[in-house]
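If you read the sequences in order, they're chains A and B. Each residue of the first sequence is one higher than the one before, starting from -9 at the first, in our numbering. Each residue of the second sequence is one higher than the one before, starting from -9 at the first, in our numbering.
Treat the hints with care, since some could be wrong.
No distinction is drawn between identical chains; accordingly, a pair holds when it is met within one copy or between any pair of copies.
[Unchecked claim] Taking lysine to aspartate or glutamate pairs in the DMTMM-like style, the calculated list, with each CA pair at most 25 angstroms apart, reads:
1) K265 x E160
2) K168 x D261
3) K206 x E42
4) K116 x E42
5) K168 x D12
6) K265 x E224
7) K213 x E89
8) K30 x E202
9) K18 x D193
10) K30 x D193
11) K265 x E87
12) K279 x D66
13) K43 x D137
14) K116 x E159
15) K14 x E201
16) K18 x E202
17) K220 x D90
18) K95 x E224
19) K43 x E202
20) K14 x D210
21) K169 x D221
22) K116 x D35
23) K194 x E42
24) K194 x E89
25) K279 x D90
26) K169 x E284
27) K18 x D210
If you're looking for bench data, these hints aren't it; they were derived computationally from the structure.
2 protein chains.
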Amino acid sequence: MKYCFGVDIGGTTVKIGLFEMDGKMIGKWGIPTRTEDNGKNILGDIVQVLNEKMDEYDIVKSEVEGIGMGIPAPVDVNGVVLNTVNLGWGYKAVKREMEDLTGLKVQAANDANVAALGEMWQGAGKGETDVVMITLGTGVGGGIICDGRPIIGTNGAAGEIGHICVSHEETETCNCGKKGCLEQYASATGIVRIANIRLSVDDKPSILRNEEISAKTVFDAVKEGDELAKDIAEEFGYYMGRATSMIAAVVDPAIFVIGGGVSNAGPVLLDYIQKYYQTYAFFANQHAKFALAELGNDAGIIGGAKLMLDNI
Amino acid sequence: MKYCFGVDIGGTTVKIGLFEMDGKMIGKWGIPTRTEDNGKNILGDIVQVLNEKMDEYDIVKSEVEGIGMGIPAPVDVNGVVLNTVNLGWGYKAVKREMEDLTGLKVQAANDANVAALGEMWQGAGKGETDVVMITLGTGVGGGIICDGRPIIGTNGAAGEIGHICVSHEETETCNCGKKGCLEQYASATGIVRIANIRLSVDDKPSILRNEEISAKTVFDAVKEGDELAKDIAEEFGYYMGRATSMIAAVVDPAIFVIGGGVSNAGPVLLDYIQKYYQTYAFFANQHAKFALAELGNDAGIIGGAKLMLDNI
Chain A
-9 MKYCFGVDIG GTTVKIGLFE MDGKMIGKWG IPTRTEDNGK NILGDIVQVL NEKMDEYDIV
51 KSEVEGIGMG IPAPVDVNGV VLNTVNLGWG YKAVKREMED LTGLKVQAAN DANVAALGEM
111 WQGAGKGETD VVMITLGTGV GGGIICDGRP IIGTNGAAGE IGHICVSHEE TETCNCGKKG
171 CLEQYASATG IVRIANIRLS VDDKPSILRN EEISAKTVFD AVKEGDELAK DIAEEFGYYM
231 GRATSMIAAV VDPAIFVIGG GVSNAGPVLL DYIQKYYQTY AFFANQHAKF ALAELGNDAG
291 IIGGAKLMLD NI
Chain B
-9 MKYCFGVDIG GTTVKIGLFE MDGKMIGKWG IPTRTEDNGK NILGDIVQVL NEKMDEYDIV
51 KSEVEGIGMG IPAPVDVNGV VLNTVNLGWG YKAVKREMED LTGLKVQAAN DANVAALGEM
111 WQGAGKGETD VVMITLGTGV GGGIICDGRP IIGTNGAAGE IGHICVSHEE TETCNCGKKG
171 CLEQYASATG IVRIANIRLS VDDKPSILRN EEISAKTVFD AVKEGDELAK DIAEEFGYYM
231 GRATSMIAAV VDPAIFVIGG GVSNAGPVLL DYIQKYYQTY AFFANQHAKF ALAELGNDAG
291 IIGGAKLMLD NI
């Protein structure tokens, strides 16, 4: 029997999964991400868990094919991180360091790409080889898989689709310093932003006026038929439809998988995106499917395992 | 000694090149593309030339590694064409048919992808592995290479960047049926279109008023300091800058290579594109280079040879 590990490093938690070679998950665990001291303990903490779990499951190193890792930063084709926003790392040769620490083979890639691999393998993209995963969380992230392989880019920055400019008229500035980024309309915070703008300029009655605004309350109100909430959803759908149609013209995916906290709104989200996608997409791309992510927080560790297995 | 052939099928001419394994071109030839009778003679005509040239150069089949082909249509990962606009073919398993006809290994891909491979191998993208080639001709075509491999897409339609929507306000309809496609502003015909609109709404004096309008006359006038021509070039650059910044957010290339008839305008073209690219590109993509294509009409046969050699 052979095994592999999938590791998903997040800003607050590191998730670790142990898998059989066919993708069956045997166990999963989480540990805090110790970002203090420039994140110097992060890799060592992971190695400690790996060793404990191999002991616990009576697995010897020769039975482990390797470790696949997702990292919340651009990662180049050699598994090198140039900089991170939230782990404390500057330049770090993650793949090589982990190989030295464990004596095992290691693959490392950007977490959004790894999550997309996971959804392709065992989630909403199952059976497809051309998948774009869009994560609508605090920001908007993207993972792009073409012909079964993650697209990395020359700076490890492929799939930064939250920063596609979708509005020429925007006056507020995005975190990235530009104006009109998809993230300003389609992230959890972006939806709250456009909801508040609409609530202030439109005096239509709305149940949203009595609630704390969040992506969830907006789409809950849509389900209850709230007209103003529907206007907000249309605006969200319009920008997502424009962005996905542009992405389709570039990489021609079979399916868009929508994940992240905002996707908890459910299938109604997809209706609004697809309506505008159909309007703007090139005819060759009209049949791309849209689906909600299915693996939730496990996408990263499952994708990590897949990344490893694809590169044995 | 081993050899390979690169074949570039165009709507009027088929180009065929014979190469040594290191990429050195030994000879190149052209024959008319016989599109009549649903293009039934096209592959046979090519095979006849291949046989003649092997005789002429005293090469036996066992010395030929294979044939790489570029085709002006979407081509899937199995070398199958689903439909063509200008060759007369419907569904055609080009790779398999050519293998049956020649007894040699064959690779086939979309011509824009193949040209991009050629420019990456021996032209403006030399030394890079992440290249986007944009061909500004009658239409706008795109070939995308990530980590050395062409992106094909689920419908063979990746890189259809002429149909990225770059204007929400356009009232005229693109050939594809949508409005606001990059092709409407940046192709040879698109530049003529925006030039004519500007000449009719702006009464600024211009040497263009006494000339037949073409992409060439517009950029020639720019070089002579013509203010109205400069306005047209700004509009072209604005739309190209927007489109390239979007593409960069998706695939993060090291370099954009600009080819096609419009690129004969020379480096001035790049200045106008880069000005707006810098304005709109995400910070991680700011350092992408821009260059004019270097291989001209040979990009297709050189890229064909590379496609073959990469898939031995």
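Quiz item: Which earlier hints turn out false for this structure, listed by number in ascending order?
Solution: 3, 4, 5, 7, 8, 9, 10, 11, 13, 14, 15, 16, 17, 18, 19, 20, 22, 23, 24, 25, 26, 27
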